[in-house]
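Chain order of the listed sequences is A and B.
Under my numbering, think of the first position of the first sequence as 620, with each following residue one higher.
Under my numbering, think of the first position of the second sequence as 620, with each following residue one higher.
Worth flagging that the hints you see were computed from the coordinates, not collected in a lab.
Any given hint might turn out to be false.
A pair counts as met if it fits within one copy or between any two copies, since identical chains are not told apart.
What the hints assert, rightly or not - Each computed DSS-like pair below joins lysine-lysine, with the alpha-carbon atoms no more than 27 Å apart:
hint, residue 1, residue 2
1, Lys779, Lys1217
2, Lys1121, Lys987
3, Lys727, Lys666
4, Lys1296, Lys1311
5, Lys1218, Lys779
Protein chains: 2
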Amino acid sequence: MMNLKSILSKLLLVLSIGVLLPDMASAQSKATWIWYPGDFEVWLSNKMQVRRTEREAVFPPLWQYYSPYALVTFQTEVDIPKPDQVKIYSEGPFQLLLDGVQIYGQPKSITVPAGKHKISFKVYNQEVLPAIYIAGNYVKSDASWKVTNEDKLWIDENGKAQQSGTPWVPVGSWNFDTPVNKPSEFKLTTTPWNAKKTEKTAAGQLVDFGKETFGYIKIHGLKGKGRVALYYGESREEAMDTARCETLDHLSFDGNQPETYTHDGSKAFRYVQVVADASVKYDSISMLYEYLPLEYRGAFKSSDQELNKIWDVSAYTMHLTSREFFIDGIKRDRWVWSGDAYQSYLMNYYLFFDSPSVERTMAALRGKDPVTAHVNIIMDYSLYWFVGVYDYYLHTGDTKFIKTFYPRMKSLMDFCLGRRNKNGFLEPLEGDWVFIDWANGLPKTGEVSFEQMLLARSLEAMAVSAEIAGEKDDQKEYQKLASDLKTKLFDVFWDKKENVMKHQRIDGKMQDIVTRYANMFGIFFNYFTEEQKQSVKNKVLLNKDVLQITTPYMRFYELEALCAMGEQDYVLKEMKDYWGGMLNEGATSFWEEYNPNKKGTEHLTMYGRPYGKSLCHAWGASPIYLLGKYYLGVKPLSPGYETWAIEPNLGGLKWMEGKVPTPNGEISVYASTSEVKVKSPIGTGTLRLKSKSKPSVKGAKVQALGNGVYEIQILKGKEYTVKYSL
Amino acid sequence: MMNLKSILSKLLLVLSIGVLLPDMASAQSKATWIWYPGDFEVWLSNKMQVRRTEREAVFPPLWQYYSPYALVTFQTEVDIPKPDQVKIYSEGPFQLLLDGVQIYGQPKSITVPAGKHKISFKVYNQEVLPAIYIAGNYVKSDASWKVTNEDKLWIDENGKAQQSGTPWVPVGSWNFDTPVNKPSEFKLTTTPWNAKKTEKTAAGQLVDFGKETFGYIKIHGLKGKGRVALYYGESREEAMDTARCETLDHLSFDGNQPETYTHDGSKAFRYVQVVADASVKYDSISMLYEYLPLEYRGAFKSSDQELNKIWDVSAYTMHLTSREFFIDGIKRDRWVWSGDAYQSYLMNYYLFFDSPSVERTMAALRGKDPVTAHVNIIMDYSLYWFVGVYDYYLHTGDTKFIKTFYPRMKSLMDFCLGRRNKNGFLEPLEGDWVFIDWANGLPKTGEVSFEQMLLARSLEAMAVSAEIAGEKDDQKEYQKLASDLKTKLFDVFWDKKENVMKHQRIDGKMQDIVTRYANMFGIFFNYFTEEQKQSVKNKVLLNKDVLQITTPYMRFYELEALCAMGEQDYVLKEMKDYWGGMLNEGATSFWEEYNPNKKGTEHLTMYGRPYGKSLCHAWGASPIYLLGKYYLGVKPLSPGYETWAIEPNLGGLKWMEGKVPTPNGEISVYASTSEVKVKSPIGTGTLRLKSKSKPSVKGAKVQALGNGVYEIQILKGKEYTVKYSL
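Excised from the complex, chain A in its bound form (with noise of 0.2 Å):
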């Protein structure tokens, strides 16, 4: 009979044998093709952006394209228990070396041995970018490997090999997981959409798609020879109008193609107008609707059906901008803009909680050094990076992108400090594009406060940073560079005697203008006292004569900043008006920018070009992130929502339910005026709510914080259903 200590010594038998066979393990997990951190995205964005056309002129980005690595050497050490037969797969010639020893060739497999072994690739790929997919029992290409693109191993006089100061990074990865889902053949998922409804037009035939939709044009039934133009519109006029139209494709066809066409450059639009020679002949016109595969986690349904309805397009429209990247406008631009992108970011949180579409779009965002521009040489959308880094972590809880990516974040922050003035402010230089926001009569030049605010934010951000990759003097010196930014604006920006937050100061003169950009953005960075953010409410958001926002993009803060203020019923009507008046205009997803003034074909309009304005731009869909935060109420209080918050509030609605994703599944919500049902799959949960008496729960204390204030802790994988009364 066994005694508790042969137990034990067994169990840790089990346990070691466990340990020691570490790649019994990874002879479980999958291969998958890696790269050079930011490679791929490097390289895909660069691909995606030249894709904007503007009447089949090809319209670039204006800032630079940084470059894959063309050289770079993967290497990884393994102790197999086994002699291994390893495939191996590369996208460029490599230089195989097991152990420090070359094998010649360019073999499709090797066997390694048993016991520990180290294995490196040199791969070359100038065209597209280096990659390799290795695939054994137990040696294969997977996060754990690392990377460098300078391996500095050289051979002495003497034949011996001499490698020191090697740069190495993890390596990155997404989900090609098998060998013929190359990187360089990355394309994003179609799928076969007919067309609603057909008609006449004096030239050809108008199809209409039903709704904003993007993809590839095909042609059925195709015979003859000669051209045929395609018109596109986000609206029917602008479809109607071959002159003036934003996109376009003319084809040619010599009478050999395929009775079925499909032509093979996506567009966006919902119209296409089809004006073919008389000499070809189709029969019918349909689309492969192009997207990314993902999982709407988020979820949102209320007894408002407008509410509905505008969370839906907003989800539709956040899906149609998130492709390859997190873009602005799917029609126009189909570039990745930082300050879009941040929003992005947000909404994704609250809908799809896909994580690589974030670490891709902030690693092409970043791309690489030197760093000689701002992030889209907008000073502003350098400062959202730093914050969307922050924020990803706070969401997440991942530290690997910060590890990798600590050294790109130094060198773009070393970059924003080294353009400070005398005074320790941004202040435009020579190529500084100072964005804030679309609005007449804004001004952008010397030290405007919201540029001030953004770096304190970015510099708390690269704090939390620093420590996460292990780097104790700069997480202190960065920290008390923001507590002395967070001063000296306060110092100098913060109006006393009005008690809100002045705009600009040009040459030490303080200007008589306050905004609703650092006030609002003071609200939910909570740089403001409590008595600073009823002060600012009512000064500035409230206050009709300070200079209006007319885009959705500042919309976004406005309303958020308002929310958290507590004004969700105000808020929820401004929401209902605003997005609710594009939905009366016919909006199938959600604008670039919505004046309720206008009038029909007036909203097309936008830089003064009749069909300017992008029918379809991420920062349309807020109406995801304002309800799953404010409204829903839930948020991470610590990351990876390892601690989180939920207040719901109903904003004036009768009852709302819906999910908020989280790394590890959704929290589901009720809630009526009299009811909250929460179940969460992870974290530790503090639910808050106001009740006019002490809300009764079954399994958990209620904490009565005064003033008809209530907490209860909700533990992981149990539901509650609290009873209160509004």
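Based on these hints, arrange chain B on the given structure of chain A.
Chain B in isolation, oriented as in the chain A frame:
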């Protein structure tokens, strides 16, 4: 009748028309393909260097590959007398703006109206590099265009274009002067070359091409199906040793191949052993010799037949290694090494004077930013790069390279200066390779005097370059850094008792070792006083107890130092021994290393491999340089041969004659013991002669300097025959 005034005014009219119509001149000039400066070189060197193979394994460099910018904007401003029909050729899709207005589509030509216009092309090419060829009567792409990698041209909310801080630089170009001659399709020239001898081997056939060569094997009368193996050898032994030869190719034929097959991979060899399956038949083997078309502008002939052969074989060695870039060895490395290339530059000035090859090589070596390691990761190789830029300016007088690359000169120097220790000396940090020379037992750690001397010279090169680039403050700073470092170099390393330069200091302790390196460079850098030079010559250079030099690489400088001390007689004997020794061993090109004490196949070994040694190595060709500079005795004194010196030294020869190329024609020299003839197409030369009696010459004055030394001024275009007595 016209008076003088009216004649003058008519003349002025003619002149002013010339000034008013600068584009009339450009109407005569050629259009050429243009790109971002250095990007073609980065792309081509990436491609070329990865062609190194070892027994069919790809063997890419150990240092970082930079990439061309995938997106660049070319721009020109023109003022043209007539409308111009301009043809457009582009490598990659482009966006064309004429006076800021986008031209739709991808036009193959446009009409530019008469008058002033700004034309810009934004071109995207991620696979190769963006390049354009624009050809009208007046509007033509040429070296006058500007280019940027971030145009920062954005449109504000009112549709107004904004642009500032755009880093424009002059474009790069070479000789791609027709539309079809695209940069992406660059290939060296080839010409057919027949075998000199064939013989049967046990397994197949050994083909001897008579001398070292480079190119593509051709198989004639090829029939059947099966495999053919090619075993290359720089020596007969290597080609016969199928298991250990350094390069080989396995070909496979399916029976449907053409009768004449040309292999697509070029190799270096004199011999090839062809081993075919019995099922494959062929008639004969030839090759396509591949080379860079270069004119042999330098020449040397003398009374010594062996020396003449040494010059000829040196020139051939130099030509074989002057390819896409100046490379080290043609069989094995095929990489661009800065230390090796630096010697090629110097030899080039006495043979081809091909400036584009120097520029291409310097651009490829420098790459781009950021600088994260030394050039080729070797400390001395970063420093040779700077000295090479200075020498390029001295020989060619060209300032465009420096003006274009000055920012990259500066960032590389920043990197170097950032790696100094607390004493201000370069001392290897992690990842720094100190090469100096292949020599057994040569100490390379700590503070090595040789590296400090190269740094001092590099700082002097930076000072000159800063002045050319118009950076006055930089010029002063670099000048001061250089002079401070020189002072410190002598304070620390000059042994005042022994009157020699010591080799090394470790942790503040001077090591008791003297080597040749710093001592020989100190002579021809002219860092030593006359007294110091004499001491160094006797105690180091001519002292057999000081660590001997066995590589032609450092032999180059050792012999140069001795020549600079007037030891031409001694050096001539050394040349005949050393290079004559290789010829006696059957060399048809000069080697990476030669040790006269070795026998037979021992000469083929290196790096512990039986055929590891390169038998055609650029650094083996130094007699070209020595004979041109120190026997014919011609060298520039000011940039571009505006002034130059000639000091013929027969070194014991009865007579010699030759040519030294300059930016504008060749300087011809003949010298015997009684007569010197000189003719130059350029600058003002100073002929210096030792003569027992005062030399006589027609049409020039002879100036006596004392001690039997005389000087004669050489004006361009005149032939001088000087009678003297040696």
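Handout entry: Violated hints, by number in ascending order, as checked against the structure
Key = Number 2 - this is the single hint that the structure violates.
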